[in-house]
Amino acid sequence: MRAFEYASPTSTKQALSLLGAASGGALVLAGGTDLLALMKDDIVHPKRLVNIKEIRELDGVASSSLGLRIGALTTLADLADNVNIVKDYSALADALNEAASPQIRNMATLGGNLCQRPRCWYFRNGLGLLPKDQSGKDLVATGENRYHAILGNDGPAKFVSPSSIAPALIAYGAKIRLIGPNGKRELPLDKFFVIPKTEDQREHDLKRDEIVTEVVLPPAADLKSAHYEIRQKDAFDWPLATAAVVFQMSGSTVQSARVVMGYVAPTPWLSEEAAQAIIGKSISEETAKAAADAAVQAAKPLSQNAYKVQLARVAVKRAILKAGGAA
Amino acid sequence: MPDFAWPTAEDRSLIGKRISRLDSPDKVSGRAKYNYDYHPSGPMLFGKVLRSPHAKAKILSVDTTAAQKMPGVEAVEVIQKIGGTVQWAGDEIAAVAAVDEGTAEEAIRAINVKYEPLAYLVSDAEPPAGSAEAPGPMSEDDVWDAIDNQMPERQFLEYLKEHGVSFHPEEDLLKQFKGDGASDAILDALRKAAYHEPSGSGTRSPYQKAAATTQGDPDKAFAEASVVSEGVYGTSVITHCCLESHGSTAEWPDKDHLFVHISTQNVSGVPSQMAEPLGVPAANIRVHQDHIGGGFGSKFSADRWDITAAKLSRKAGGRPVRIMLERDAELKVAGARPSAYARVKVAASKDGSITGWQSQSWGTGGPGGGGSPPIPYVFSIPNQRKEHTAIRNNIGPARAWRAPNHPQAAVITMGALDDLAAKINMDPIDLWLKNLSLTGPRQKVYEEEFGVASDLMDWKQKWRPRGQNISGNVARGLGLSLHTWGGRGHASQCDVNIHPDGSVDVKIGTQDIGTGTRTTLAIVAAETLGLPIEAIKLYIGDTQYPPSGASGGSTTPGGVSSSTRRAAVEAREALFAKVAPALNATPEQLECKDKTVRVKGDSGRSLSWKEACSKIGAVPITARGKNPDKEHPPDLTNSGVGGVQMADVEVDMETGIVKVRKMVAVQDCGLIIDLKTAESSCYGALTMGISYALFEEKVMDQATGTMLNANMEFYRLAGYNDIPELVVHMMTGKGYDERGVIGLGEPPVISPGAAISNAVANAIGVRVSYLPLTPDRVLAALGQKAGA
Ligand SMILES: Cc1cc2nc3c(=O)[nH]c(=O)nc-3n(C[C@H](O)[C@H](O)[C@H](O)COP(=O)(O)OP(=O)(O)OC[C@H]3O[C@@H](n4cnc5c(N)ncnc54)[C@H](O)[C@@H]3O)c2cc1C
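As they're listed, the protein sequences go chains A and B.
Be aware that the first sequence starts at 1, since it is given in this note's numbering, and climbs by one per residue.
Be aware that the second sequence starts at 1, since it is given in this note's numbering, and climbs by one per residue.
Treat the hints with caution; some may be incorrect.
What the hints assert, rightly or not - Derived pair list, reagent style BS3-like, types lysine-lysine, alpha-carbon separation capped at 30 Å:
#1 B/K785 with A/K47
#2 A/K40 with B/K58
#3 B/K220 with B/K58
#4 B/K255 with A/K40
#5 A/K233 with B/K659
#6 B/K626 with B/K33
#7 B/K255 with B/K315
#8 B/K114 with A/K132
#9 B/K350 with B/K69
#10 A/K40 with B/K161
#11 B/K615 with A/K233
#12 B/K58 with A/K137
#13 B/K27 with A/K40
#14 A/K40 with A/K233
#15 B/K175 with A/K40
#16 B/K615 with B/K593
#17 A/K175 with A/K224
#18 B/K161 with B/K175
Please keep in mind that the hints were generated in silico from the structure rather than gathered at the bench.
These figures come from a predicted structure and were not determined experimentally.
The following block holds chain A by itself, in its conformation from the complex:
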């Protein structure tokens, strides 16, 4: 690992000035479970780390009639234990419990989870997020792409978004709040994830001197929801495909729906097609299957990952059935 400066501010104000002053060479450090690995592998080399874990205002969950406000520093382990999440946000609770490993969940923060960098093995081998060879040829399109994107992969970005928490949050309509030198802003969480077109763009709508402060979840007490993941190994492994679904029901009929897939695209993938397919229907094997087919209809698999189309389809189908009460 290369040498770096280390700062540990206790307020967001201090943190912002420390981030700005290093003129692009500073990075926010939260739980460090991703950032330190990136530094050891020499993928990122910040001049300065700004540790935000001493900023108390960024930690903790507040519940009100408007829903939940989750501080960016809240760990995945604490979130998984939060009574409100366990009670009303079962898709999120499941996603939290299945993510990574207990050790990592104890360290990993929600802000860090949303801002973590892709696990694309070309990227992690120092070949860039949009890896190309010297002649400019896309390395992923013709290379080892078994874990890469099947949707949203028309451009140079073919990695998959790494958070298994984000799809569940997006399914509930979460918003993300940020603070920067010019003040605060808020945006729907799905808009926070962007598909980069050039190597110097990030896969987040996050400026170098901005900090994620919190995530806001609307109330969900009267919603049906579920999360389904497909992983090869039972633990300490990355999912191959996930799906989170949230339904507003009217009797046994789906009135409104959000279906979000993970690990299929460079961003969490909100499927309008799947939602439309199930709205107005009751939940059954047949309607779940139809919605699942709709979810992957636009998929364009690469040379090695056609199987992921099937996995994504199954994840959506099983998530819908699980939300509908099937085991």
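Add chain B with the ligand to chain A, keeping to what the hints say.
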């Protein structure tokens, strides 16, 4: 002459019982010190290696000026010859030693290397038709390459014998080869190798065809067969992924003596490997290791980085220099198991009697190509035709991996037999039993083992024909395999000392590679001397003790138990001679039992162990035992075991995800010293087997020439949750015990891949050709079946 034979069943109080490993408390509490944990008393330097980013490139220049000047850098060493060629990404170029890791990293980044990148191949896909060329004689360059590429010695020797050389190896040149790491056996083979004119074009095809071998009359067998079953089978390149990576700490207490803490399976062998390249007598090199965190066949030799650490230390005035590989280097360069794939045809009669075998196989072991798998495995099918093409590519060198070539051969052979059984609607057990006469000397063992295994698996109850046990999305299936291995004890020497105060120590230059060697030694010595295990003080893992062979090929238990037994019996006899007068008896009348020395059959005439030892006098009793030792019969070790394994799996038909539900392993290994560690060996092997069956694969990228998953996220190893119920049964008693001690490290790891692959085929109704059985492969096989 004293009787060295193993005690009979009635006379054993420790041998064959379930005894907990002596090193467990140290390991689980963190007291056990691995080589990584060694911290010299003085300040240590950290060595780092600069590695090639190219899969194949000529080294044009290496400029270390900037690194040399960096504060904190104490020594710099260029490893490659300028003008030489590196053959894999990650190969060692140069190294530095510095006061801390950060400085060492900065320094290797400051080394400026100019490469001329060359064309390379990292794929091991089936060779295009007609691409393979016949092997020719080795040129001088080929020999340099073979040495640099760490071609396995056996393969090297066989190649020289078969194909000769196209140059005249003068003694001067041989000396240089030796300096580069060639063994005496290789030098000898080079001297004797036949000379042939260099062969044609100069550019070599990466595809090298071995001569086809034919046995019996395969054409007739296939023409007359009532059934012919065809299939493709194989297993990918995997790595050893030792949890303690390769490496060492080297220091020079004075300018003539080297002291090395090295992670090795071969303590006694390291000095002579390091002597030549360092220019010091082997006798001046001391090697020490307490515990090793995994080797699996990849740690028999002092590696280039170990030699480099010693050179850096010498340059730095003898200060200790540590080079332990980083995780990515460990996976990229420190060893891989060759791949093997084959197109197979099996001929049989309607009743399942196998009459013919045809195979076209291919695979890679890196730049050396790799040998052909021993197929058909175990079953010597009367009529055979086999062709093998070795792929010489740039994925890095292969190393022995537990039971070299056997797991691959088992996957290919047992898969082909299983497909045949399915084709004729036969329960695989019946097909295997029907053809057991083709398995040779272990036939009766297999028969007994099949009985035990099928009971433990409840096979007859649970087995269904292919694809007929599916409910909802879940398919279940059973599969089986069998295997064999040698396992005769290696050369070993051991000292047993009995001191006048009654203390006993055992000194032996072996190593406990996690297999329970310490426990074996203590049990043998304690049993022989009638003492509890705690009474034996063990000294192992150091070249100060009598030399003992490398721990590989399941040779350690047979070797060390034999030498220890002989030493302990000799020591006991010497003690009897000293004690006999005090008991008014002749030495022959005495026995050691229950911490006493006593007259056989006369419990009144007995001395406590301590009293007895007080008769020794001032000088301790010292006895040296050896293996092999024809002068002190009987032979205490043996060779040749058989094992049968069965797997019960569950496959999600929609996702292609395979879960193993249960594994059964039934295994013999002659006389078992410690039943508990023997069973543990099998549990460990099954765990490793599940891991390579389902998850492990060295993923190489042709566009960049590098390994993409050189980490433990995407180089997946089975975790705790992936390991199901494991049932192990060791064959013991009559027919087994009297064979003597046989090793167990390799055999149980051979069959899991084949058994799991067969179980998956049984579950889903179609063969998934290659391991690991990943969801993409399972779904593709299901898709082909649906489309067919
Ligand atoms: C083996 C393994 C398995 C894993 N499996 C999963 C999984 O199944 N699902 C899953 O979702 N994740 C998984 N992870 C990833 C893990 O969840 C993330 O590493 C973790 O959530 C990152 O959080 P952190 O607080 O440690 O972030 P850090 O490592 O501290 O930071 C990560 C990135 O986010 C930035 N950052 C952090 N906080 C903020 C903030 N408040 N504002 C702006 N930028 C910020 C940092 O600058 C850095 O770029 C796995 C990780 C490992 C190692």
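Checklist line | Non-conforming hints, listed in increasing numerical order | finding: Hints 1, 3, 4, 9, 10, 11 and 15 not satisfied by this model.
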